[in-house]
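Novice: Listed in order, the protein sequences are those of chains A and B. Numbering-wise, the first sequence is residues 222 to 1435 according to the numbering used here. Numbering-wise, the second sequence is residues -19 to 287 according to the numbering used here.
It is worth saying that the hints were derived from the structure and are not from the lab. Where is the CB? At the ideal position from N, CA and C, for every residue including glycine. Heads up, a few of these hints could be off.
As the list claims (entries may be wrong) - A few chain A residues facing chain B, derived, Cβ under 8 angstroms:
#1 Ile512
#2 Gln530
#3 Ile612
#4 Ser620
#5 Arg768
#6 Gly769
#7 Val770
#8 Glu776
Unchecked claim - Restricting the straight-line Cα-Cα distance to at most 20 angstroms, the calculated cross-link-like pairs of lysine to aspartate or glutamate (EDC-like) are:
#9 A/Lys533 - B/Glu85
#10 A/Lys786 - B/Asp57
#11 A/Lys654 - A/Asp580
#12 B/Lys61 - A/Glu776
#13 B/Lys132 - A/Glu605
#14 A/Lys1286 - A/Asp986
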Amino acid sequence: MFLQIFLFELRYRLKRPATYIYFLIFFLYGFIALASGSTPASEKVFHNAPWTIASANITFSLIMMLVCSAVMGVPLYRDIEHNTRNYLFSYPITKAGYFWGRFLGSFVFVLIIGTGFNWGAICGSAVGPSFGWVPAERIGSYGLWNYFQPYFYFGITNLLLASSIFFSLVALTRNVKVIYTASIFLFIAYLLAAFLTADLEKRELVKLLDPFMLNTFDLETRYYTPAEKNTMLVPFTKTIMLNRIIWLSVAFLITLFAYFRFNFVRFLQPVTEKIKKSKKGEIEENIQAKITAVTQSFTPRENRRIWWQLVKIEFLNVIKDPYFRAILLGGVIFLVIDYWIGYTNYGVPDRPLTIFLMDYKNFNYQLFNFIILLFYTGEAIHREKTTGFHIINDALPVSNFRFFTSKLAGLIGVAVILVSIPLVSGVLIQTLKGHTIYQLDVYLKELYLITLPGYILMILLSFTVHLIVNNKFAGHGVALAIWITMSMLRNFGEMDYNLFYYSYLPGYRWSDINGLGHFAAPLFWFTLYWMFFGIVMLTLAFLFYQRGVTGSFKERWRVARQRLKGAPVIIIAICLLGWIATGAWNYYNVSVLNNYKSSSTNNRNTALFEKTLKKYENMVQPKVVSVKVNADIYPDDRSIKMHSVLTVVNKSGEPIKELHLSASGDLKYTLVYNGKLLSYNSPLSFDHAAINFLKSGKDTFNYRIYQLPETLQPADTALMEVHSVTAYNGFVNNGFNREILYDGTFFSGGIPSFGYNADSELSSDEKRKKNGLKPKNDEYPPQSDVKGKSTMLFNDDADLIQFESTLSTKAGQIAIAPGYLQKQWTENGRSYFQYIQDTKIQFFLSIISGNFDVFKDSVTISNGNKIKIEIYHHKNHKFNLQRFNISLKDGLEYFSDSYGPYQFRQMRIIEFPRYETFAQSFPNTVPYSEAFGWVGDFSDPDKFDYTYWVTAHELAHQWWGHQVVPNKTRGSNLISESLAEYTALLLSERKYGADNMKRFLKEELDGYLRGRASESKKENTYINCNRAYQWYQKGSLILYGLRDLIGEKALNTALREFRDSFALKENPPFAGSDDLYRFIQKHTPDSINYYLTDTWEKITLYDNRFLSASAKDAGNGYYDVTINFSTKKFYADSTGKETEAMMNDYIDIGIFAAESRNKENLKQTNPLYLQKHKLTPGTKTLTIRIKGKPEKAGIDPYNKLIDRIPNDNIGGVD
Amino acid sequence: MQSIFSIQTLSTMQLTINGLSKTYPNGVQALKNVTLTIPQGMFGLLGPNGAGKSSLMRTIATLQEADSGTIFLDDLDVLIKKEEVRKQLGYLPQEFGVYPRVTAEQMLTHIASLKGINNGKQQKEIVAALLQRVNLYKERKKNLGTYSGGMKQRFGIAQALLGNPKLIIVDEPTAGLDPAERNRFYNLLSELGTNTIVILSTHIVEDVRTLCSDFAIICNGEVLRHDNPDEAVNHLQGKIFVKSVDKSTIQNLKEEYEVISVQMKSGQLSVRIYSDTEPGNGFVPTASSLEDVYFHQISSRMDVITL
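Generate the whole structure from the sequences, applying the supplied hints.
Specialist: Now the structure itself:
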């Protein structure tokens, strides 16, 4: 019997068009992804590399869930739906034959459809390059197995898991809708897993818990270098195997359970309730009831009442639906978790500020809302038809308009519920967390004025689709396809013009400092624009409202045309006008007042910039020696008027005949040179982007060539006066435009810079090639380059300069620039501030203006200088002021003692809105993002105090960056960043102890390994570092490791000597990475030299592994601990290819007692033994006698070395 | 009895269908130039499956567009002023679904208020009365999802009769009803149908004879006959003959006579034929029935003899 049913199922599936459509869809996915190069592969990884295919295969097997539910959900349900029981019962069918026949017959097709992606990928990689859709060098040549290995290793198991769950659930519940719920819960399981990955400590757990292995795969391969991604078939590791065993057992058990519980006869029996036959007597008695005349009333008032009744029914139909509640519950669970955990920095959560909560609600909750709205709009439109009641309903005397708008209103009611939940739960969680600044206005504006209209727009679109398509499932499909297409076009089509993307709004972000700020206008106008469009669209669709029996399209068209009169015409006319008017206004702002450019236009322009102007790169230009600025800041107009007087000197040996000035596009300025207004020509202009068709002429690039009236001879001085205005007009398509704000201005422009800036060139080789440029290998010249050595890294327009400024701003705001405040006064209702910097600084400036509370303190450093401390902050952000303050005090003292005295008499930190999340160190002035440290919740003492650390880092830049200024050669950035990172780490360790640093070091190691894994060109050695992951993460790790080997004193001495020979040097040569290396080498003993070479001149990785440990009681509290471990060392080349290296290196072996807490309640580890051993490669066994009960042991337990797999270094002692 | 917007006529109402045609997208021509005048009282529609009865009824019930032709309820253009028609309409479709998790009473109350019956007391009374008359009062608190086919059909009847409809269209209303329920329904319909137009389709030909003052036979979308049932039967009086024959001879008989129906009776076949003259050959005259009229009409269009 099994065979017949199995074959029947196969034949049935073969006849279904859906089977072919599913296959085709997945085939196309694979084809398009590969043929167009839309894969997650970074530039040095092939689009069809084993890793890429595996990653895509796992992702698509998750999407295959939809197919699994469609194919596996119906085989049993079909018999219920079509009432085939009557003849099925009459055949000699066995339960096993029926159950397994149906299961396997359908599963075969799931397996076949599942290969669609892989076949598509094969064809895509074969076809793509020959049509030039994807660069040929991005497609590797691989055999068939490369494409199918991931399918067999990972894909099939995912398909089996989803299939058996869906099939079993229908078998057990006889209900096909249960699949929706099951999908939602599987999805929740996946999201939960994804969620936990944020926490480094929980990653091992996540690898096992993720039912579809997305996270498992991601975590297992996260450190794969480009070379490995290209060459290694992703192995079936122990963790992956465990994960599969767990989840396949789950699938197996569920299926077996379903099989044993399954009762063939009961399954097919219709649901019935016993109906009592009424007795004859009662019938006779009832028959007398008289049908009396009734009054029917259709007055407008009654109609409104009926409408309202319908609205309530529509609303309650959704609200009471158990599936709605299940999905919403899922959403709320995530909302609460997201609210509860929120943003974290180094594992430290932020306080639950309302401005943050309004971000969190978009993390996961929004997705559930999307599902709800998408799904229930279709349900509402087709509700009558689904039950078959429409044939009665549609003959009732209620107008189309009232039926339809009642559904619309009911759904809008649901949307109101959906947007109200984040408010209620937000206030609740804030209260629970003791945060009482509720900011209800932020909630109300965000939820009811921004989110709700967005949801309404979604409803309008869905309704439109469902009205036109007039089939529930096709409608869901079309609506979903529209959303996916829009998102794909935006992400891969390099086109994000919001006027073209239904319901899309310009990006925005709430800030406590700037509120909704300048985003309010674009949000309002774009919402209005789309709302008009949505209403037009829906009104048109409403003309197709179907009543009674569905007719042909021609007939529906005829009816729609008949209905096109009266109110619909007026609504369409008004809204169309409104749409056009707001569209014109938005266009005017985005494309006339501003200059919208898509990313591909930007790339093309940047390439043209390089092609046209590169010839000027080595043009000799004067250097600025003093700067005097008068700046008037108009926060309400978002503009800054600036008058800058620059004294320039020709420091070169060649005469200078022309000045080359470049500035950002929004800077308008005139140049007065030695008292004469100069004219200029602009050598470069672009064609306007096609979308900005109203702009006439050319888009002139702000690069000017001024012919000097008289040649500036070597050593000659000249005076340049720049009158400039920077103003933001209207609003833009996207982007924060954050420099000049109503409150919290942080402006670094206003003065053009000299010459061609190579940093602006396109760096991606793929984009360069596409735009006709050669690949670019290294940004900066080698350390020995003479010009590089005599140029400063952060601004090559000047060496050190004199600086003073007079700033004016709106009354109430404080304006700040580097320098000491001389005078402060009010004039014409504006506040004026005069700053003079009386010692020379780098030409590295910013102007700040905002409403601040000021915290003041001071510290006296060892040379007797008193340093003023000022912290400018938002009035509600006082939580961590002392952490900033203490860090500054500790740092000023320790750094002055260790590396030389602090060069200024003040140190200031200024908070700025969280449109950026960094802190940046200007001379004695540090703008510091709102989202970074000010509102962190440090109530858990074990958490890493990153506010303290980041503050120390920025303070350290006053030494590393401002005293010792890096030159413009390869790797020199490590002088400012690695040294700031390392010295800040030292300071933190002094305050919080080494244990508190562990978390941080782990993040640094993770950051470095991930950074090199996604390297898009080549990994440089540390001394030539050119990437943030090298100079931050790798830098702090290897310097921290070096200190461990040579001691803090030796390293500090080296740094001190290095600082002394370069500090505040006015003349070249300036410091390069080789200079620092030399000083460090000098203080490193020969025995440790291998470490320096390994870390600075090579790319070195260890593979240290704890294998086992056991302890024997040796009496008197002594134990003999035997540790088994292995160690290996590799050198990697720039692509990440590794070769094993000989070694005889110092590596920590540690044995630990149980953790305890010290008197400050900080967690602390208690090493019983921690010694460096000189180790050669291989598996080793050591026996060590210690005092105290051992709990854990390991090799390199603190992760001081760069270890490919850092978390297998420690294990328990048996 | 009067609704505010309904059209009140002193004389009797009349439904006039003129040249109504409809072709479905799949090419089936459901209605071919149908022209009928339906007066007040009960009007029966007879016809084989797929003849176009339901299409016609749906079109009158405003649920389907026509390709051409007109329908007027007195002066009211049914195809255009749909909403006005719906205010006076009671419609029981041949097939319909219900919300499974709503009780009959809730659903009827809801429909009552959609039909403009807003007076709370009246609404309650009429719902209760209708539930009693269709014998669902006992089950009124049960969810519709638990109803049997017959109960569901009775619920359908109740909703069609809500709100004093002037035009009642019932498509095979007695399908699935036991004989007692069928009688009960016809009594109810007769009681309500005196001042209204009731259009009734059925396969039980004799029901039309007993109930309807007027009837039409439709086949393949065409009206074959429009008449009074008694007159139609009288018209055939003396022209129907019957004979018991052997199965093997049936083919010969079909070629020779206009065979109306063949029935198996205790192993023998009883053949009814239509003949203007005495056929002889063992045929004996018999009383004509409406069924004879029916078969006589449609036998010209299709082979009705199935064995």
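Novice: Indicate, hint by hint, whether the structure satisfies it.
Specialist: Outcome of the hint check:
1. Ile512: holds (5 angstroms)
2. Gln530: holds (6 angstroms)
3. Ile612: holds (4 angstroms)
4. Ser620: Holds - the Cβ of A/Ser620 comes within 8 angstroms of chain B, reaching about 6 angstroms at its closest.
5. Arg768: holds (7 angstroms)
6. Gly769: holds (3 angstroms)
7. Val770: At 5 angstroms from the nearest chain B Cβ, A/Val770 passes the 8 angstroms test, so the hint holds.
8. Glu776: Since the shortest Cβ distance to chain B is 5 angstroms, the answer is holds.
9. A/Lys533 - B/Glu85: holds (18 angstroms)
10. A/Lys786 - B/Asp57: Holds - the C-alpha atoms of B/Asp57 and A/Lys786 are around 18 angstroms apart, at most 20 angstroms.
11. A/Lys654 - A/Asp580: Holds. A/Lys654 to A/Asp580 sits at ~18 angstroms (cutoff 20 angstroms).
12. B/Lys61 - A/Glu776: Answer holds: B/Lys61 to A/Glu776 is near 17 angstroms, not above 20 angstroms.
13. B/Lys132 - A/Glu605: holds (16 angstroms)
14. A/Lys1286 - A/Asp986: violated (37 angstroms)
Checked against the numbered hints listed earlier, the structure breaks hint 14 alone; every other hint is satisfied.
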